[in-house]
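Using the sequences and the hints, build the whole thing.
Those protein sequence lines, which keep their order, are chains A and B.
Residue numbering for the first sequence follows my numbering, starting at 5 and increasing by one per position.
Residue numbering for the second sequence follows my numbering, starting at 3 and increasing by one per position.
The hints are simulated quantities; they were obtained by calculation from the structure and are not laboratory data.
All C-beta atoms in this analysis are idealised placements derived from N, C-alpha and C, irrespective of residue type, glycine included.
Just to be clear, a hint being listed does not mean it is correct.
What the hints assert, rightly or not - If you want a taste of the chain B side facing chain A, the calculated C-beta under 10 Å gives, among others:
1) L42
2) I43
3) F139
4) G146
5) I170
6) F171
7) F188
8) F369
9) I373
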Amino acid sequence: MLPFCFEWTWNVDHIIFFGLLYSALTIVGTCVVIAVVKTVTQVFGFTRERHF
Amino acid sequence: MDSKLLPEGVERCSFGMFLLWMLPWVAILAWGGLAAFLCLIKGLNQTNMSNVFAFALWIVFDLGVIALGAGAFFSGFLTYVVGKKELKNIINAAVIIGFICYSGATAMLGIDIGQPIRGWFIFWHANIHSMLVEVSFCITCYLGVLIVEFVPIILENRKLDQIKELHIFGHNLHHIMGVIAASGTFLSFFHQGSLGGMFGVLYGRPFAARDGFYIWPWTFFLFVLSAIASGPCFTILCTKLTEMLTRKKLVPDNAIQLLAKISGWLLSIYMVLKIADTLVWIYDIAPRAGFKFMDFYREGPYGVWLVVAELIVCGIIPAIMLMTPKLRENQGLLVIACLLNCTGIILNRFVFIIVTLAIPVMPFDRFFSYIPTWQEWAIGFAVVAYGFIVFSLSYRYLPVFPKERELNPVAG
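Encoded structure:
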């Protein structure tokens, strides 16, 4: 059993389905975390703000 | 009254006029709220759904708005992944429309499942062989993606932009938008497809069932293609409606023309495949299940006119209009073509949902009719009203159209 799936079993179907789902969530989550961390470091002056 | 919140250098109507414009939409939303309250308190007996019509008006609305909302992911894909720079002038509007469509559909599904308090069961007890589970996962995740895409637009509000932290955060979010758009494309591809796949695997319903490739029936690919063909047209329609209401030009012609051209070509490819699919269904799949084509249209109001309307009037005709430069450059014809395209997609979803369930399958079955109750209509229209409210607020307070100031210089 893994978090967020009560009936988890170690087979290809579950691994592909949840693997793709968790990959997508990880990518989106990581991007948002990167944006937050960059903002915090720029606000506190650890890195320079980039102008677009 | 709210002038300090309005984007700089653009004209907006007075606050009173804006409130007057919002009033009917708020009233419809309240009407939908009442209907939703009744459904949640008294149960789904407030609807005319039954064991036959477990999918009904709300699912037609859902699948319709999700297909039309595909403009967000496809425009995002074209802008950030393919690199079509001219679409940056319309991408904000596409994202907001996508957000409205997906959040509206999700809210409606919350009522449709009867007990939204148990909505999380689909995630916790995931049946990974169910197309609907894939749809639920992808729609929820993609709504999250749309929120991430919408936030930087909100942060560009004149007042919010003055807060340094939010200004920097907004810019940093813009910086990751390429990856977010690519993730959105992946999620959208699968849920648009699975919505179609869900009907293609209904082997007990020869009207909808189709053959396919590996585990995916052809309807999987047709739904993806039809969504990316109609989504951009819906974005164009919303933009043109805003231009008409505000009496302003908001998006440069090259962006609209590019979207219309891409939409036209995708629609034409879709029509070729859809006609091939229909012919295979008529001459192979239906006969194998013991049906002739006309058996499906013997009873009830759903006749062959539906096929003609979907394939010819709302399919081939708009495809030709959108592919032909001279026709799509005419603003009136462009709007008509986009309207027909979007109508065709709604009709397609209606046919797959309602007609599939209405048509008798067994010799002793009868034709099942279904008329939605006022509660069903109210919740459906509430989603439309919600869309008008969110888009109106966004247009008033956010720089939705980056070229608006340039295209409409304010005197003085």
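Against the structure, the hints:
no.: 1; hint: L42; verdict: 26 Å, violated
no.: 2; hint: I43; verdict: 29 Å, violated
no.: 3; hint: F139; verdict: 6 Å, holds
no.: 4; hint: G146; verdict: 7 Å, holds
no.: 5; hint: I170; verdict: 5 Å, holds
no.: 6; hint: F171; verdict: 4 Å, holds
no.: 7; hint: F188; verdict: 6 Å, holds
no.: 8; hint: F369; verdict: 38 Å, violated
no.: 9; hint: I373; verdict: 38 Å, violated
Checked against the numbered hints above, the structure violates hints 1, 2, 8 and 9; every other hint is satisfied.
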